[in-house]
Structure formats: C-alpha cells, structure tokens
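Start from the sequences and build out the full structure, keeping to the hints where you can.
Number of protein chains: 2
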Amino acid sequence: MPDTDRRTLMQTVAAVPIAMAAGGPTFAQTTEASGGAANRAPAKGVTRALAHYLVTATYNDLPANVRKEGVRTLLNWVGVAIGGSRHQTVEIAVTALSPFSGPAQASLLGRRERFDIMNAAFVNGVSSHIFDFDDTHLKTIIHPAGPVASAILALSELQPVSGRDFLNALVLGVETECRIGNAVYPNHYDVGWHITSTAGVFGSTAAVGKLLNLDEQQMVWALGLAASQPVGLRESFGSMNKSFNPGRAASNGIFASLLASKNFTSSDEMIEAKRGWANTVSTKQDYREILDDLGVRYEALLNTYKPFACGIVMHPAIDAAIQLRNENQLAADQLERVELKVNPLVLELTGKPSPHDGLEGKFSIYHAVAVALVEGAGGEKQFSDRAVNDPAVVALRGKVTPVVTPGIDPAQVDMTITLKDGRTLHRFIAHAIGSVEVPMTDKQLETTFADLADGILTPSVIKRVIEACWSIESLPSAGEIAKISVSA
Amino acid sequence: MPDTDRRTLMQTVAAVPIAMAAGGPTFAQTTEASGGAANRAPAKGVTRALAHYLVTATYNDLPANVRKEGVRTLLNWVGVAIGGSRHQTVEIAVTALSPFSGPAQASLLGRRERFDIMNAAFVNGVSSHIFDFDDTHLKTIIHPAGPVASAILALSELQPVSGRDFLNALVLGVETECRIGNAVYPNHYDVGWHITSTAGVFGSTAAVGKLLNLDEQQMVWALGLAASQPVGLRESFGSMNKSFNPGRAASNGIFASLLASKNFTSSDEMIEAKRGWANTVSTKQDYREILDDLGVRYEALLNTYKPFACGIVMHPAIDAAIQLRNENQLAADQLERVELKVNPLVLELTGKPSPHDGLEGKFSIYHAVAVALVEGAGGEKQFSDRAVNDPAVVALRGKVTPVVTPGIDPAQVDMTITLKDGRTLHRFIAHAIGSVEVPMTDKQLETTFADLADGILTPSVIKRVIEACWSIESLPSAGEIAKISVSA
Numbered sequence: 001m002p003d004t005d006r007r008t009l010m011q012t013v014a015a016v017p018i019a020m021a022a023g024g025p026t027f028a029q030t031t032e033a034s035g036g037a038a039n040r041a042p043a044k045g046v047t048r049a050l051a052h053y054l055v056t057a058t059y060n061d062l063p064a065n066v067r068k069e070g071v072r073t074l075l076n077w078v079g080v081a082i083g084g085s086r087h088q089t090v091e092i093a094v095t096a097l098s099p100f101s102g103p104a105q106a107s108l109l110g111r112r113e114r115f116d117i118m119n120a121a122f123v124n125g126v127s128s129h130i131f132d133f134d135d136t137h138l139k140t141i142i143h144p145a146g147p148v149a150s151a152i153l154a155l156s157e158l159q160p161v162s163g164r165d166f167l168n169a170l171v172l173g174v175e176t177e178c179r180i181g182n183a184v185y186p187n188h189y190d191v192g193w194h195i196t197s198t199a200g201v202f203g204s205t206a207a208v209g210k211l212l213n214l215d216e217q218q219m220v221w222a223l224g225l226a227a228s229q230p231v232g233l234r235e236s237f238g239s240m241n242k243s244f245n246p247g248r249a250a251s252n253g254i255f256a257s258l259l260a261s262k263n264f265t266s267s268d269e270m271i272e273a274k275r276g277w278a279n280t281v282s283t284k285q286d287y288r289e290i291l292d293d294l295g296v297r298y299e300a301l302l303n304t305y306k307p308f309a310c311g312i313v314m315h316p317a318i319d320a321a322i323q324l325r326n327e328n329q330l331a332a333d334q335l336e337r338v339e340l341k342v343n344p345l346v347l348e349l350t351g352k353p354s355p356h357d358g359l360e361g362k363f364s365i366y367h368a369v370a371v372a373l374v375e376g377a378g379g380e381k382q383f384s385d386r387a388v389n390d391p392a393v394v395a396l397r398g399k400v401t402p403v404v405t406p407g408i409d410p411a412q413v414d415m416t417i418t419l420k421d422g423r424t425l426h427r428f429i430a431h432a433i434g435s436v437e438v439p440m441t442d443k444q445l446e447t448t449f450a451d452l453a454d455g456i457l458t459p460s461v462i463k464r465v466i467e468a469c470w471s472i473e474s475l476p477s478a479g480e481i482a483k484i485s486v487s488a
Numbered sequence: 001m002p003d004t005d006r007r008t009l010m011q012t013v014a015a016v017p018i019a020m021a022a023g024g025p026t027f028a029q030t031t032e033a034s035g036g037a038a039n040r041a042p043a044k045g046v047t048r049a050l051a052h053y054l055v056t057a058t059y060n061d062l063p064a065n066v067r068k069e070g071v072r073t074l075l076n077w078v079g080v081a082i083g084g085s086r087h088q089t090v091e092i093a094v095t096a097l098s099p100f101s102g103p104a105q106a107s108l109l110g111r112r113e114r115f116d117i118m119n120a121a122f123v124n125g126v127s128s129h130i131f132d133f134d135d136t137h138l139k140t141i142i143h144p145a146g147p148v149a150s151a152i153l154a155l156s157e158l159q160p161v162s163g164r165d166f167l168n169a170l171v172l173g174v175e176t177e178c179r180i181g182n183a184v185y186p187n188h189y190d191v192g193w194h195i196t197s198t199a200g201v202f203g204s205t206a207a208v209g210k211l212l213n214l215d216e217q218q219m220v221w222a223l224g225l226a227a228s229q230p231v232g233l234r235e236s237f238g239s240m241n242k243s244f245n246p247g248r249a250a251s252n253g254i255f256a257s258l259l260a261s262k263n264f265t266s267s268d269e270m271i272e273a274k275r276g277w278a279n280t281v282s283t284k285q286d287y288r289e290i291l292d293d294l295g296v297r298y299e300a301l302l303n304t305y306k307p308f309a310c311g312i313v314m315h316p317a318i319d320a321a322i323q324l325r326n327e328n329q330l331a332a333d334q335l336e337r338v339e340l341k342v343n344p345l346v347l348e349l350t351g352k353p354s355p356h357d358g359l360e361g362k363f364s365i366y367h368a369v370a371v372a373l374v375e376g377a378g379g380e381k382q383f384s385d386r387a388v389n390d391p392a393v394v395a396l397r398g399k400v401t402p403v404v405t406p407g408i409d410p411a412q413v414d415m416t417i418t419l420k421d422g423r424t425l426h427r428f429i430a431h432a433i434g435s436v437e438v439p440m441t442d443k444q445l446e447t448t449f450a451d452l453a454d455g456i457l458t459p460s461v462i463k464r465v466i467e468a469c470w471s472i473e474s475l476p477s478a479g480e481i482a483k484i485s486v487s488a
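Residue numbers (this note's numbering), protein chains in the order written: chain E, 1 to 488; chain B, 1 to 488.
Cut-off 30 Å, straight-line C-alpha distance, at most; resulting in silico cross-link-like pairs (BS3-like, lysine-lysine):
no.	chain 1	residue 1	chain 2	residue 2
1	B	K352	E	K44
2	E	K274	B	K274
3	B	K274	E	K352
4	E	K262	B	K483
5	E	K68	E	K139
Covered by chain B, according to a simulated footprint, are these stretches of chain E (three or more residues, beta-carbon under 8 Å):
no.	stretch
6	93–100
7	111–118
8	228–235
9	241–254
10	273–282
Selected chain E positions facing chain B (Cβ under 7 Å, derived; list incomplete):
no.	residue
11	V191
12	G192
13	G224
14	F264
15	S267
Worth flagging that the hints you see were computed from the coordinates, not collected in a lab.
Note that the structure is a prediction, hence the values are computed from the model and not measured.
Ideal Cβ positions, reconstructed from N, Cα and C, are used throughout, including at glycine.
What follows is the structure, encoded as structure tokens:
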C-alpha cells in the first residue's frame, strides 16, 4: 500500500497515546539494531514494552473503526474455518489426534467432535487456512485471524470471556503478530519462513495471555516461550503442511501462555536480545514497527478479506466480469468475445487455458472470467471440479482473450465484452473488491460466509452464527459463537 | 574433537554399507548447496534418502558397540530425568498442563501423575534437562537423549515396543538429530538457535516414526512436519525456558509423526529445498553430514556423559581432586594448599571466589575443587546451597589457588596439593573423566544415576530401574522402564 493511502487510514484513527513502560526504549536506542546481522547491537526493552502495552490495553481504548474491523475479521474467520472443516486435511488431523486429546473443552467448528483447547485450536486453525481464503494483512502477507482467533475462541469455551474482552484480545493479538511481522519483513519471509505462523505464535500468545490476565512479567515470559516455538516454512506450500502452520501457531500460543500463567520463566528480552528471535530469524530488525504508536496506529485496520477463492492476481478480472454480468443481466449465450488488458503477472501466474479440475482452475484466468460471467461469483464452488467441467463455462472460456498491456498494474484490469448483437460493454477496475481501497462490504462478507458454510451448517444456523458474530460486543460469552458453529 | 580421534573411533565401527534409496543424491549433487546462502542451489533427495534409511534400518544392523552406547545413553537419560523431576520447573509444567492432558497413557518419571504421550514426553524432556546434566554430543553440543528418549519411552507405554525395537529407534533418533545438527553447525548455533531442540525435533520425529512403522513417504512427510516446528533460542539460557526446549522438541516430534502416520502431507524436500529448513535456519549446509556413511558411521558413539553437575571447564580439576583424595584417603584438615594450573577459560567462566548458593557454586572453580576434596564427588548435591555453605568446604576453598598457565588446554589441569605435614601430591589430567577419550565407566554411570534418584525413588526401585535399563535388549516391553521409574 502506498504511504499516502496509509496516511489517510491513519488520519481516521483517534490519536490515543499510551504511556510506555517505565524504562522502555527510545527509538534512538532501538534503531541501533535495525542494521541487520552486520550490526547486531542489541535493542533494549522491546519485549517488556510490548508486554506492558498488552496487559494494560482495554476494550475501551479501541477506536470505533478498529472495533468494527475486528468484528469483520472475526466473522470472516468463522466462515473460512467452517468452510474448511470437512476437508481431508482436517479429517486426517482429527483422526490422528482424537486418541490423545484432553477433556472435551472446545468445539471443532463445522464438526461434532470436541477437543481440549489446544487440540481444538490446532484443528480450527488448520480448517481456516484450507482454502487460502482467510484474511490478509497485505503489508506482510500475514493471515492474521487464524492463529489468534483459533486460540482465543477455544479458550472462551473453557472460561467466561465477554464479547468485548474477546474482541479486545483479538485486536491485540492481530496487532502483536502484524507488528512483529513488520519488524522482520520482507527478509524473514524471503529466506523461507511462513510468516503467518512464525509471527502468528506471538499473536496467539498475546491474545491468550490477555484473556488469562497475565501480569507484565508473565506476559514477557509468555512472549519468550512464543519466540521459542516458531512454526512454518514456505517450502511446505502446496501440501497439507501449509494449513498445519496457523493451527500449530494457535496451539503453541496457548501452550506458551498457560505455562507463563503459572510463572514458567523465560528471558526478559527474547524478541530483541543479541541471540533473541528477531536476530535469529531475520537479517532485518526494525523495532519501531513493534513499538511505534502502540494504541494509536492499528494494523487491524489494514486487514483485508478475499471475495474470491483464488490468487489475488485474478481478482480484478473476476470483479469486472461480475459487475458487467449483473448490471446487464447477461446470459452466457449472449457473449461473443471477452477481451481483457492485463499485467504480465496475470498470464505468468494464471495462464492455464484448459484446466482439468478445480485446483487447476485457480491458475486459469480463462476459467475465472468464464465462470464469473456464468455464475456471477468466484467462490470455492466456482473453483470446483464441477465448475471447471461445466459445458457452459468450458465453451465460454474459449472466448476469453487476455492481452498483456503496458501500463496496466497488477491491481487493475480493463475488460471489454462484445455481445452477439454487436453491443460492447466496458469496465476498468483500478482496485478490485477486497482491496484496502475497495473493502468488502459487510453484506459481501455475509455472502462469502454463507457460501462457505453451505452444506455444512443449516441455513438457519448459518444466519444465527452470522448474527452472533456481528453482535460480539454485546455477547456475555464469546464462546457462544463456537458452541453454535457446529454440525447438528 | 580432533579428526585423528574421530578416525580412531571410526575404525572401531564395523563397516556395514547400506543401500541408498533409488535415485538418492550423489555427494557431488548435495555438495553444491554447501556454500551457504550465497550459493543456494538446492540439493536433491536428502530428506527422502534419510527417510529411506530410517524405515529400513533394523536392530540387527547395529554394531555391538553402538548397541552398548545406546544402552548407556538410555541409562544416563533415565537418571537425569528422574533427578530433575521434582524441580520447581517441572512442578509448574505439571500444574499448568494437568487440566488439558489427554488420557493417562504415559508416566512422568520420578512422579505419580500420568499424562497423554505428548504431554508426558514434554514433561520428561523438561525434567531431563533441568540440571544440564544430560548426555552431550561434543561435536555439536547437542544433548541427544532428551528429545528422542522422552518421546519414544512415552509411546512405548501406549503400544507394545520390544526393548530391541526401542534401542534401534533411540539410536536412529540420535543419529538423525546429530547428523542434521552436524550439517548446520556451527553457524546455526552461532546465530542463536538452541541446537539440542531445533535438531532434536528431527530426532524425536524419526524415532517415533520408526516405532509407528511409517513407510518411506510418511517418514518424508513426518520429517517435513518436524522441520516446520524448530524449538529453542540460546537467549533463553538461564531460565526455565532452556529446559522447555528439549521437552517441546519431544512432543513436537510425536505430533509430527502421528499426523504423518495418517497421511498428513508435507513437502518431499523440507530439509534441503531452496526455502527448506537448512537454508532457512543456517548459512552453512553440509548434506554429506546427513547422508555420508549412513549405517556405517554412528554419531551415537560420540555421545558422552557428565560425571559432574557443572560446566565442562571445571571437570578436569574436579577429576584430579577426587583422584588424589581417594588414592591418599585425604581429610580436609590435612590440606595446606591446593594449586592448579589452568587454561584462561577456567577463570573467565568459573572465577567466582566466594559463591553464595548452589547455582553460584557452579561458576566457582574454588568451590568445585574444595567440595570435591571434602566429599569426593561433584554431583548435584555438591552444587547445592548446603554444600556451598558447608564450613569445611568454605574453609578449604580459601586454600585453592588457580593459576592461568600457558600450554594448559581447556581439557587439562595440573594440580599440586601441599599437605600440612609437608608432603606434596601431584596429578596431571590430560582428559577428564566423561570425555570421549576417558569415558564414564558403567559403574560410574550407575553411581551418577543413584545419586540423582536418591530421595525420589527408594533404593530398591533405583536398583530395579538400573537393571531394567542395562537389560533393555531382552525386555519384551520397553515401556516397563517408565512404569517402574515412578514414585510410589
């Protein structure tokens, strides 16, 4: 995101300065360590200052727009977790772990089994990443909700947690993981770490620690135990191991905070010490990203939600196709030709003209545009084996012509549809739906949710869960959301 | 260890070549990747070749001296795990995890509680590292037994595992973690990782996977899930978090292999891929260390056991003191003066003249020599608050004079004791007891074990456990060792 956009966002945030921990770092001090491995002078007090913020920040401190974005993050996460809950990856995890789970403390969303909170958090974290359809903090490519929400929703079934406390913990968890991610991104990601889960452990730890009411020292230790358990390498992308990562980040975070709550000790400087986390896992360390404007600038406001169940590079074209289809009530047999001017990346990443199954469909701009025109959507169902082999979609994809065009950036598309009656329809997309600039509407989030949960929960239960998520701030018990999000 | 020593050791190992996996790497291929981050051409087939070895290697393939060293590793580990079992660190872990444990599948050594196998493995792994008294692979400073033995002993209470299969799995686990450690040491350790637990996850995964009878593909995936869960940073040294690390490596390894046993997938090249484990966690990758002479050269033969409950730099002096005391039946009041010529490291690391408690005693060469002369030992009891404040020991430590002397290397000491009757006694130690060159005898291992277990198990139970460890190869059920190693 350009800095100008970020500044605009920042201006919408109420300026609520917080008191830093006594003896906390100045940025002159922390900046010393930003030079990477070649200049590893340790920073001072980063872990403690973060812990101080976490244990003192309250729901009442959250600006209204941050609260709202937190609620949207929750709704979107519950939907993707339910949506993934019947996938083979989840079936295997449940089968493997059932004989070892502790008491039936927490629900597996979209299913019937109940596990202890750590195993439940693991499974829900796996489910929510199955379709790669979860929320995205575009600045770091972290999917923030998975590690955090999986952990605290499970805990909220074990102990009383008000909806407001839940939302505060969710925002603080997202804040923690995204800020720590910012501090080491991109070097940390480039070298091979799956940042969603390496930073995610800190997010789940912070959020769980908040709900366990850790004191500052315990929170410092909890963050230290989190730092000791990074999860995930990018090499696993394309296998079940990718979904494993946010799930394990969730359960590791609970493990860390549970131990710290009984005074299991760690270092006081695990994030910033010379041989601490940031220096060990990255050649870049910018501690200002962790501490700057805590309680003023919120990473939660940078969260985005996917409208379409495929790589983001196809989103502008799908968006254009759906807009033109709906506005003109187009039927597939009216169409003569679909031309789209695209950035080179589109054909590099999604240039497969004749996909054979749903997964291949996710790498075919031809299929994506055709199915969007036929069905008016780009959800998981539009990237199924059925959709990819639907005769109407197959016929139409032969009429889709992407043209690499200078000046079109990856966020853009320029689409012209020629109808058999000779008319042409045109749409230029500068920012697709689901971007920070054109966020998904609440209604669109509901539609995605319902689409994902369809066939897993009944329509009346889906409606009830959506309503419960929207009203999280007035719920006496946040665990209620988990309890109703299960299969009958 | 100098290469000459290693060669000598190697010559004692029967040369039993094993067939490599079809299509496995040549060393010319794997060596391409040894140049570090600047030259990250990926190696091929490392993970698969290791998996192939692990799933095909049998107890019958193990040379007699490797079997013997495996048994010694087991005995030593059971002793240190029992010894640490009542420490506050363990009490906290048990209290924190009790409400979340699954079925009572496995014993906590030295205690009464029973946890599910993953939580039991965690606690036993923590216990066994409490006193830093566990075994050491000096080439990497890995403590090999903790992650591996904790994991497979717990599993052996859940499913039938013969003593021979247990010993084979233990050796294979040690082999896996030490070889992977060799491949990235010292860069990996230098940057900040606690190599015992980062490499240890692979060891526990391999050993558990062997006992779960994984096929080659499942073992590949299990190693991938292990690579996704490195544990431990050196910054945590000095806190409970240090003992946390081998415990979590043990439970993570069970977690990885359980999932893989149900076909939870990962990458096929998680160790060696461009964005795999070795490239992500180290700037050095020498894959020959992993694959060279599998089944011929055994890292298990390089394992050593500590005679004394303190840093290795004081071992030569304690060894000399005990030898002179016992040979001459010295009493403290006979001694006029104790001079020792030492390497500079001794005073740098352990130069505290007047320690106040047991922990400070571990950093005082004055105390270590005095207590060894008074009590004839250097165990955990000799580094207790009691021993450090014992008047006879305090008086004697004032008579200990270490002198930094050129030409004395850190493995050596030159001690001269002057008696009040004018006699002088002299001893030069080239290699202390517990080194690879002067290994602990079986009898000494038993003494250490009994000393550690004293006050936790009854003398008759201690005797029974020691006998069970020595006879592991004829035990029908290895889990028996855990079942008898608990408090009445």
